[in-house]
Amino acid sequence: MVLGLPPAGHGPARPDEGVWPLRVNWAHPTLFDHPTDHVPGMLLLEAARQAAHRLAGPGTVLTPVMASRFHRYVEFDSPCLVRARLLTTGTASGEVQVAAEQNGAIAYECVLTAHRVPASAKDGR
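Each number in the working numbering comes from the position in the sequence shown (counting from 1) with 228 added on.
Hints in this document: simulated from the structure, not taken from any laboratory.
Do not rely on the hints blindly, as some may be mistaken.
[Said to hold, decoys possible] Label-pair ranges, simulated between beta-carbon atoms:
| no. | residue 1 | residue 2 | range |
| --- | --- | --- | --- |
| 1 | Gly232 | Thr319 | 25 to 31 Å |
| 2 | Leu315 | Pro257 | 19 to 25 Å |
| 3 | Glu303 | Ala236 | 18 to 24 Å |
| 4 | Ala236 | Phe304 | 30 to 36 Å |
| 5 | Gly285 | Pro235 | 18 to 24 Å |
Fair warning: this is a prediction, and the values are worked out from it, not measured in the lab.
Even glycine gets a Cβ: it sits at the ideal position worked out from N, Cα and C.
All chains should be modelled from the sequences, with the hints used to inform the complete structure.
As structure tokens, this is what we get:
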């Protein structure tokens, strides 16, 4: 899990929005298999996927499409907030907009397509 608990005073104003601090697990064998001076892009992609799951759930959510833009590096020396907003609600699929902000600037942004998997599909019925 790369998203922490929402910071005090940054809780969502609406149920279709969320804000979480980016958490870095230095022990992750794939993301940190070599020294780096900034947050790996794969960590930001995973943060976006997790944010989409939190907003589009509950239950199983698939995110088969992600359109991403990297604007600048996310550095380790300053907190990074992941903000997400559900663009489409009330359907089995929709879009989630996600941005990673550091020092008041957007470092990364994307839009994901999120599909909720019906419980019957998970059971094989």
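Status of each hint after checking the structure:
1. Checked against the hint of 25 to 31 Å, the pair Gly232 and Thr319 passes, with Cβ atoms roughly 29 Å apart.
2. Look at Leu315 against Pro257: about 34 Å separates their beta carbons, and that is not inside 19 to 25 Å.
3. Checked against the hint of 18 to 24 Å, the pair Glu303 and Ala236 passes, with Cβ atoms roughly 23 Å apart.
4. In this structure, Ala236 and Phe304 break the distance hint of 30 to 36 Å, their C-beta atoms being roughly 22 Å apart.
5. The hinted window of 18 to 24 Å between Gly285 and Pro235 holds, with their beta carbons roughly 21 Å apart.
The structure fails hints 2, 4 (numbered hints given earlier, in ascending order).
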